[in-house]
Amino acid sequence: MSDYLVIVESPAKAKTIEKYLGKKYKVIASMGHVRDLPKSQMGIEIQNRFTPKYITIRGKGPVLKDLKTAAKKAKKIYLAADPDREGEAIAWHLAHTLHVDTTSDCRVVFNEITKDAIKEAFKKPRAINTDLVDAQQARRVLDRLVGYNISPLLWKKVKKGLSAGRVQSVAVRLIIEREKEIQAFVPEEFWTIKADFVKGKDVFEAAFYGIDGSKIELTTEEQVNGVLARLQNNAFTVDTITRKERKRNPAVPFTTSSLQQEAARKLNMRAKKTMMLAQQLYEGIEIGKEGTVGLITYMRTDSTRISETAQTEVRGYIQDKFGEVFVSKEKRKESKGNVQDAHEAIRPSSALRKPDDLKEYLSRDQYRLYKLIWERFVASQMAPAVMDTMTVTLTNNGVQFRAHGSVVKFPGFMKVYVESSDDGAEEKDRMLPELAEEETVFSKDMEPKQHFTQPPPRYTEARLVRTLEELGIGRPSTYVPTLETIQKRGYVSLDNKRFVPTELGEIVIELILEFFPEIINIEFTANMENNLDKIEDGQAQWVEVIEEFYQGFEKHLEKAEKEMREVEIKDEPAGEDCEECGSPMVFKMGRYGKFMACSNFPDCRNTKAIVKEIGVACPKCNKGQIIERRSNKKKRIFYGCSEFPECDFVSWDKPIGRKCPKCERMLVEKKLKKGVQVQCVSCDYEEEQQM
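So in full-length UniProt numbering, the last spot in the sequence shown is 691, and the numbers never skip.
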């Protein structure tokens with residue numbers, strides 16, 4: 001018989017922790033929550049101060065039976081769920097189910113699953129933090145009140161299977177508003193003039209700046225021609241040279257949202273996959289003779305704090321590897337703003353476990369994500385990079401061009417890691433030759449170019465998460481389920497990894513905006529998050545926060561019950577008959593977009609893909625039209641000839657119907673990480689990237 005029973009959430013954690021604690025400890029997984037609100041009803045006694053009615057989760061009976069059996073045999077029970085609100089709530093539910101005194105030293109928390117961290121945590125058990133439990137319970141009750149009241153209304157007035165929620169509704173609203181901005185956007189013309197300048201054997205680029213010291217924006221071709229006409233020849237005088245030294249500081253270690261954003265930008269990973277891999281790295285990986293080791297700290301956090309021990313270790317590593325000059329002189333570790341700072345930023349459990357040393361034990365994606373976390377953490381404790389910048393103004397008859405150059409004087413943290421940006425631009429050395437004022441240089445290949453302003457980009461997963469975080473909407477644990485829900489409900493779809501609202505999404509948000517404006521109000525939702533955080537800090541009572549919300553919500557609910565109109569979403573006729581039964585075909589919305597189905601469903605289950613012509617003749621056979629198709633396995637869009645199988649033309653990139661001006665071959669739209677670019681399939685011709 002084991003003296004002590006330890007209950008964690010997952011079997012992977014149980015295996016790792018039991019190894020560290022020894023034979024006197026038995027470690028069992030609860031597999032997450034064992035109690036929750038019932039799915040079949042509201043489960044909230046509104047008239048009884050919003051008391052929740054918890055029941056055993058269906059399917060958890062056997063798990064609970066095993067836990068109770070083990071609990072009876074143990075001298076003491078430790079509840080070691082994750083170190084956050086959700087984990088505290090799980091521990092509280094387990095305590096009530098197993099009759100453990102919540103005020104006793106039964107709760108154990110740790111930020112990393114390593115031998116030292118686990119042993120240290122068991123030296124300092126504590127009572128269950130009821131403020132954390134209340135904060136989680138308030139969120140659960142609030143979401144239940146919103147979801148279980150508005151969702152049935154939507155089922156009745158629109159269609160079955162819809163839902164509403166505090167965070168998901170705001171997320172859909174943001175996507176819809178962005179789409180409206182894009183549709184209303186009017187492109188504005190502007191021009192640039194760039195030229196290469198020659199000094200001896202050196203060639204460098206400069207761009208038009210202005211005339212007689214005044215910066216000028218070129219908006220018409222007439223202005224461009226006026227500038228070119230003013231140039232007397234190709235000799236320019238070096239007018240001014242400005243040199244500056246600029247420091248660039250490293251990024252702080254990852255939080256949950258910044259990890260999701262950077263993994264999307266650098267590794268092209270969806271938020272759900274990022275969190276799944278991070279969970280695996282946290283819970284433990286078999287590392288040769290070391291056995292199972294937790295490689296990173298807890299991955300649900302909005303804190304950027306790091307422990308003194310971790311700082312000391314990583315700074316020692318930096319000094320040994322790169323030299324003392326690369327170690328940051330200040331210890332950047334504090335979180336700012338209102339964050340759940342009970343645990344640290346996401347970091348390696350040991351900076352001495354270098355990614356390449358672990359590569360053989362990790363899957364490809366585990367390795368890539370671990371490397372990203374390790375590099376970001378190490379870089380965060382390194383010295384700033386120092387850049388030498390140089391700006392040169394060149395003049396010809398009052399027409400001024402400017403050239404910018406920068407070079408890394410001291411790489412600092414950039415030796416290890418450089419944070420990416422949303423536009424994909426990364427700082428690169430752009431050397432300018434040694435120049436002196438009053439010196440003459442000569443222009444060549446002067447190139448005026450017409451451009452048009454671009455609309456704001458649609459939201460990617462990473463950009464939407466960042467926006468929600470900046471607005472104070474939701475918390476680290478909510479982003480992934482929110483993104484999943486709005487897609488599963490059919491409110492948005494993904495096009496080139498960017499969110500596009502559906503007609504259904506627009507209808508639902510319009511109704512919520514009309515009858516429940518506070519649910520979808522960004523400021524109101526952010527303030528509600530702050531009130532929920534106050535519960536966690538012991539500055540507010542959860543029942544009072546819910547009561548204040550419900551007073552206004554109940555009035556809106558009564559009004560909506562009476563006045564919300566029914567919206568019938570009719571199947572759109574496809575304009576052709578079913579080949580199998582002769583009934584009309586209609587358009588339906590599925591997981592991967594629209595498709596055609598027989599209106600005689602369920603008697604006839606005939607479906608077919610929509611043939612979408614893109615208005616381009618097949619470049620191979622010149623008979624058929626290019627149509628958009630989807631691959632069978634991954635549902636990836638590709639383009640083929642309508643005369644298939646007679647014509648086997650196929651392309652992953654979208655043909656645009658123009659020929660390359662250089663070689664007369666086909667031009668296509670190439671989808672890049674940060675936009676779309678027209679390129680030739682044969683030569684090096686390409687046009688300016690469109691965001």
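These are computed hints drawn from the structure, not numbers from a lab. Check before you lean on any hint, since a few could be wrong.
To be verified - Think about it this way: if two alpha-carbon atoms lie no more than 25 Å apart in a straight line, the pair counts; the simulated BS3-like pairs of lysine-lysine are:
| no. | residue 1 | residue 2 |
| --- | --- | --- |
| 1 | 119 | 19 |
| 2 | 75 | 15 |
| 3 | 156 | 559 |
| 4 | 409 | 244 |
| 5 | 570 | 159 |
| 6 | 620 | 570 |
| 7 | 115 | 75 |
| 8 | 60 | 39 |
| 9 | 354 | 415 |
| 10 | 157 | 488 |
| 11 | 26 | 15 |
| 12 | 159 | 488 |
| 13 | 273 | 321 |
| 14 | 488 | 160 |
| 15 | 159 | 449 |
| 16 | 273 | 371 |
| 17 | 329 | 289 |
| 18 | 570 | 623 |
| 19 | 359 | 272 |
| 20 | 449 | 329 |
What you are looking at is a predicted structure, and each value in this text was computed from that prediction instead of being measured.
Cross-check of the supplied hints:
About 11 Å separates the Cα atoms of residue 119 and residue 19, which keeps this hinted pair within 25 Å; it holds. Of the supplied pair hints, the one linking residue 75 and residue 15 holds, its CA atoms being roughly 21 Å apart against a limit of 25 Å. Of the supplied pair hints, the one linking residue 156 and residue 559 holds, its CA atoms being roughly 15 Å apart against a limit of 25 Å. Using a Cα cut-off of 25 Å, the hinted pair residue 409 and residue 244 holds, with the two alpha carbons roughly 11 Å apart.
This hinted pair checks out: residue 570 and residue 159 have alpha carbons roughly 11 Å apart, not beyond 25 Å. At roughly 40 Å between alpha-carbon atoms, residue 620 and residue 570 are farther apart than 25 Å, so this suggested pair is violated. In summary, the hint linking residue 115 to residue 75 is supported, as the alpha carbons are separated by about 23 Å, within the 25 Å threshold. Distance restraint check for residue 60 and residue 39: the Cα-Cα separation of roughly 14 Å lies within the 25 Å cut-off, and the hinted pair is therefore satisfied.
Distance hint between residue 354 and residue 415 is fulfilled; the C-alpha atoms sit about 15 Å from each other, no more than 25 Å. Distance restraint check for residue 157 and residue 488: the Cα-Cα separation of roughly 19 Å lies within the 25 Å cut-off, and the hinted pair is therefore satisfied. Distance restraint check for residue 26 and residue 15: the Cα-Cα separation of roughly 10 Å lies within the 25 Å cut-off, and the hinted pair is therefore satisfied. Distance check on the hinted pair: residue 159 and residue 488 sit about 14 Å apart at the alpha-carbon level, within 25 Å; holds.
For the hint linking residue 273 to residue 321, the alpha-carbon distance of about 32 Å lies beyond 25 Å, and the restraint is violated. Using a Cα cut-off of 25 Å, the hinted pair residue 488 and residue 160 holds, with the two alpha carbons roughly 13 Å apart. Restraint check: the Cα-Cα separation between residue 159 and residue 449 comes to about 51 Å, which exceeds 25 Å; the hinted pair is violated. This hinted pair checks out: residue 273 and residue 371 have alpha carbons roughly 16 Å apart, not beyond 25 Å.
Among the hinted pairs, residue 329 with residue 289 is inconsistent with the structure: their alpha-carbon atoms are about 37 Å apart, more than 25 Å. Our distance criterion of 25 Å between C-alpha atoms is broken by residue 570 and residue 623, whose separation comes to about 36 Å. Only pairs whose Cα atoms come within 25 Å are accepted, and residue 359 paired with residue 272 is accepted, the gap being roughly 22 Å. Note on residue 449 and residue 329: the hinted pairing is violated, with a Cα-Cα distance of about 46 Å set against a maximum of 25 Å.
In the structure shown, a violation is registered for the earlier hints numbered 6, 13, 15, 17, 18, 20, in ascending order.
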